[in-house]
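Going line by line, the protein sequences match chains A and B. Mind the numbering: the first sequence is residues 563 to 1243 in my numbering, read in order. Mind the numbering: the second sequence is residues 1238 to 1428 in my numbering, read in order.
In short, the hints are calculated from the structure, not lab data. From the three backbone atoms N, C-alpha and C, an ideal C-beta is built for every residue, glycine too. Just to be clear, a hint being listed does not mean it is correct.
[Claimed, not checked] As a list, the in silico DSS-like pairs of lysine-lysine whose alpha-carbon atoms are at most 27 Å apart:
id : chain 1 : residue 1 : chain 2 : residue 2
1  : A       : 636       : A       : 653
2  : A       : 1137      : A       : 1240
3  : A       : 978       : B       : 1325
4  : B       : 1326      : A       : 978
5  : B       : 1364      : B       : 1326
6  : A       : 795       : B       : 1325
7  : B       : 1373      : A       : 795
8  : A       : 636       : A       : 1174
9  : A       : 653       : A       : 1135
10 : B       : 1361      : B       : 1297
11 : A       : 1039      : A       : 1158
12 : A       : 1003      : A       : 1039
[Claimed, not checked] Sample of chain A residues facing chain B (criterion: CB under 8 Å; computed from the structure):
id : residue
13 : 893
14 : 929
15 : 930
16 : 950
17 : 973
18 : 975
19 : 978
20 : 979
21 : 980
22 : 991
23 : 1087
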Amino acid sequence: MMKTKIMIMTTTITSMNMKISLIRAAMGSLLLGGFLHSSFAQNTEQQDLGSSVVQAESPTHAILDDLREDDDLKGDKLEREISTTIAETIKNEPDVAIRSMGPAAARPVIKGLSGSHVELTEDGAFCGDMSATSPDHAVASEVLTAHRLRVLRGPHILAHSFSAAGGVVQVERRDIPFDDSLFHGYVAGYSESAQPGYATAVGVSTQVAGASLKGELSGRRMGDMETPDGTLKNTDIENGSGAVGAAYALGRFRFGASYRWFDSDYGIPGGFIGGHPNGVDIDLWKRDLTLRGLYVPANDARDTLDVTLRVNRYHHKEFEGKKGAVGAEFAVNQENLRLQKIMANLGPLFGVRLGAELDSRSGKMGGYVFTPPTQSYAGSAFAVASTSGWRGLEITVAARLGGAIFRPHESVVADKGTIENRNFGLWAFDAEFSQRVGVGKFLTLDVFRTTRAPTIEELYNQGPHLAAYTYERGYHKLNAESGYGSELEYRSYGDIFTWRATAHATYFLNYLAPRATGDTNWSQLLPIYQVSGDEAFLFGGSASVETVAERGIHATASASYVRGIYRNGNDSKNKWSDMPQIPPFKFHGELAYLWKHIRPSIYTDFALAQHKVDRYEERTPGYITFGLSTEIHWELALARYSLVFRADNLLDADVRNHLSRLKSVMSEKGRNFSALAKIEW
Amino acid sequence: MKTFKTLSVALLGTILSVFFVACSDNSNSTSTEQHEHFEAEGWNLYWGDWQLAYSVYRGKADSSIEVMHVNANCMSEHIHVKFLDDNKKEVEPPTDDEHSLAWEIADEKIFDVHSCGSWGFHLKGVKEGETTLILKVNHHDHADARTPAIRVVVDKALDAEECPFHEHHHDDDEDEDHDHDHHDHEHEHED
Chain A
563 MMKTKIMIMT TTITSMNMKI SLIRAAMGSL LLGGFLHSSF AQNTEQQDLG
613 SSVVQAESPT HAILDDLRED DDLKGDKLER EISTTIAETI KNEPDVAIRS
663 MGPAAARPVI KGLSGSHVEL TEDGAFCGDM SATSPDHAVA SEVLTAHRLR
713 VLRGPHILAH SFSAAGGVVQ VERRDIPFDD SLFHGYVAGY SESAQPGYAT
763 AVGVSTQVAG ASLKGELSGR RMGDMETPDG TLKNTDIENG SGAVGAAYAL
813 GRFRFGASYR WFDSDYGIPG GFIGGHPNGV DIDLWKRDLT LRGLYVPAND
863 ARDTLDVTLR VNRYHHKEFE GKKGAVGAEF AVNQENLRLQ KIMANLGPLF
913 GVRLGAELDS RSGKMGGYVF TPPTQSYAGS AFAVASTSGW RGLEITVAAR
963 LGGAIFRPHE SVVADKGTIE NRNFGLWAFD AEFSQRVGVG KFLTLDVFRT
1013 TRAPTIEELY NQGPHLAAYT YERGYHKLNA ESGYGSELEY RSYGDIFTWR
1063 ATAHATYFLN YLAPRATGDT NWSQLLPIYQ VSGDEAFLFG GSASVETVAE
1113 RGIHATASAS YVRGIYRNGN DSKNKWSDMP QIPPFKFHGE LAYLWKHIRP
1163 SIYTDFALAQ HKVDRYEERT PGYITFGLST EIHWELALAR YSLVFRADNL
1213 LDADVRNHLS RLKSVMSEKG RNFSALAKIE W
Chain B
1238 MKTFKTLSVA LLGTILSVFF VACSDNSNST STEQHEHFEA EGWNLYWGDW
1288 QLAYSVYRGK ADSSIEVMHV NANCMSEHIH VKFLDDNKKE VEPPTDDEHS
1338 LAWEIADEKI FDVHSCGSWG FHLKGVKEGE TTLILKVNHH DHADARTPAI
1388 RVVVDKALDA EECPFHEHHH DDDEDEDHDH DHHDHEHEHE D
């Protein structure tokens, strides 16, 4: 996606607010570093956006994509929400929930889909960790150093993943500093009471001898989590991360490289059935080397050719109770080559993205892990293109085609019969039809086919998982997951309110997930989870409304609901029943007052009880929490200063997250006072 | 010429970086090996006279002997540990050096465990009360198998000469070793 320069012309704009909203929506896509200066602009054309006329360069992406950028968490909005993890930070986004196992091990869930259905990327390339494979595995990415967080929706998902039904959470870091800024930097600090401790980050980018350089360091040290029922032991977090990057321009070429490291030591609390009473400690580290080359043609600077190689090393050790004794160990070495060609205009098409990805992954296991070491390879090609149709209709179509092969090695922990090479052919498509149905009103229909290959664990694992307190059985004969779905979205940009409502439904012919069998491994006394492929149907919706005033009273509210049912092949009655791990209805509302520099607000969050549970799953009670915050933002001497004070869960309510394994022993964070300070220049 | 030099330096840097990371592939490997593990569907615990003291199969304890008793200030008889397989057939404990008996006591102020041989132990009553014991088959510092929580009742304190079971000298010798072992177990429990 490229930065598009769009100018609002003097036209029949009925509302200043509408104008502001459109400007805001259209400006500033910096996802690829924003290095393409607007002076590269060439062709211009006019687009009628309701009552306003926007003159733009030949569009490089659909209007809806611009409008969706407005949903991104960046700047003030990101600072307002920032928390311990990426998942915690985006939890108020529509359709987003958190799967967790302690405050460190938290991962986003989108429309009820978790694990490998939700891809995480950093600067557009995969985030190499094992957070998708188990709820106790943390996302190896520091949220405090993120410049922008985006929940990618619609056809553009297929530029990164086959899982059109889920989504992609993009973390923008700008590790390769293509933006040519002379001197830019920030210092940020975060602290909270419910997990006493701090997080701090400092980053600088500058130009030296024609090369752009970046450096960044961060640290996080947080203690055990305080809940209304007391301290939850072994929930502390100690993270350290850093990055260095460089970029250089040579004629029409741009070259860049970055190196990012992330180290984490965190605890998983105990007290679950079969678990160690004192919990499990997890040490992990991640190293990413990213090399990137870019060709900017002379005839149209938007028609870039982009090559990215990411070399990832990830290591993860689990200790039962005390350091020195390794209970489980994972070492993953992964390389990913990504090639992408953007064509701003191609006949009737615009925003054309053609690309390919090659991926090699080696997984080695040690200790008490029952997955055989496995080498896997994947390759895919993708295409995304938009076109304009009748009376403001825009159509964006995407497809992804590829395959994955798995080569497990013999191992003492695996039955010989289960060591079987597997090959999967994969294809997915997505077509989105967005129609302007009135002044600032858009109705969008998205239809897609979703798929994904099983993971190594889903295919070959045959034993207990120490930190997750489960006995997990994979199935080497699994087929690729597949399903069809659609989403209907309505957006309205009015004089007073901006609102958005969606309804979505996905029918899976073969939905892969581990499910509690009701059986127990009697040696370990652990509940047995079996991965199987079943028919499943997920449906739900979300709605959000926001006032558009830039001063005075500002109100926002959002709600999400999803329901999942599946037909379990193991059930002799073969009836539809509720799926496990489906988040309940949730609501977030905020009332703020905007002065020039200060923004005080009150907010509430509530979730209904979840009674729609799988056979061996516990019900979860609902909750309601209230909070207060005050933000102060000002600019002085070319620097921007921000202070955000929050008091979450003021009444110390007992909050149980349905998607948390902790819910059976302890509630989530209790009353929490937090402060964020940031200086950016 | 200057451009050529810059390009050369950039290329060299890139190649060196790729080479460095490619070479470090082997450095990211596991430091521990995967091992075969001991599996048990149940446990049989016998008193020294081979009377069944406790039995559990697939999580279900024999209801007639669910509780183990010992008097405060007294050592219990020697307790032998045996295991049950899929067919409820009794099997011997592992014979290799990698597996060992370990335990967790919910309240160590009530009783203690003194190891006796590789797969045997004594209960030592400390004070009157009730708590639980979990026995485990440790393997490289993780448990391959474990019992459910076993109820242990410590009855009233007796004088040493009144204790129904008296330790033999060889047990004392073993206890010295096991005190050392026990120290580890306590440490593990504290963690």
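Return the numbers of the hints above that this structure violates; sort them in rising order.
As far as the earlier hints go, 2, 5, 6, 8, 9, 11, 12, 16, 19, 20, 21 and 22 are violated by this structure, in ascending order.
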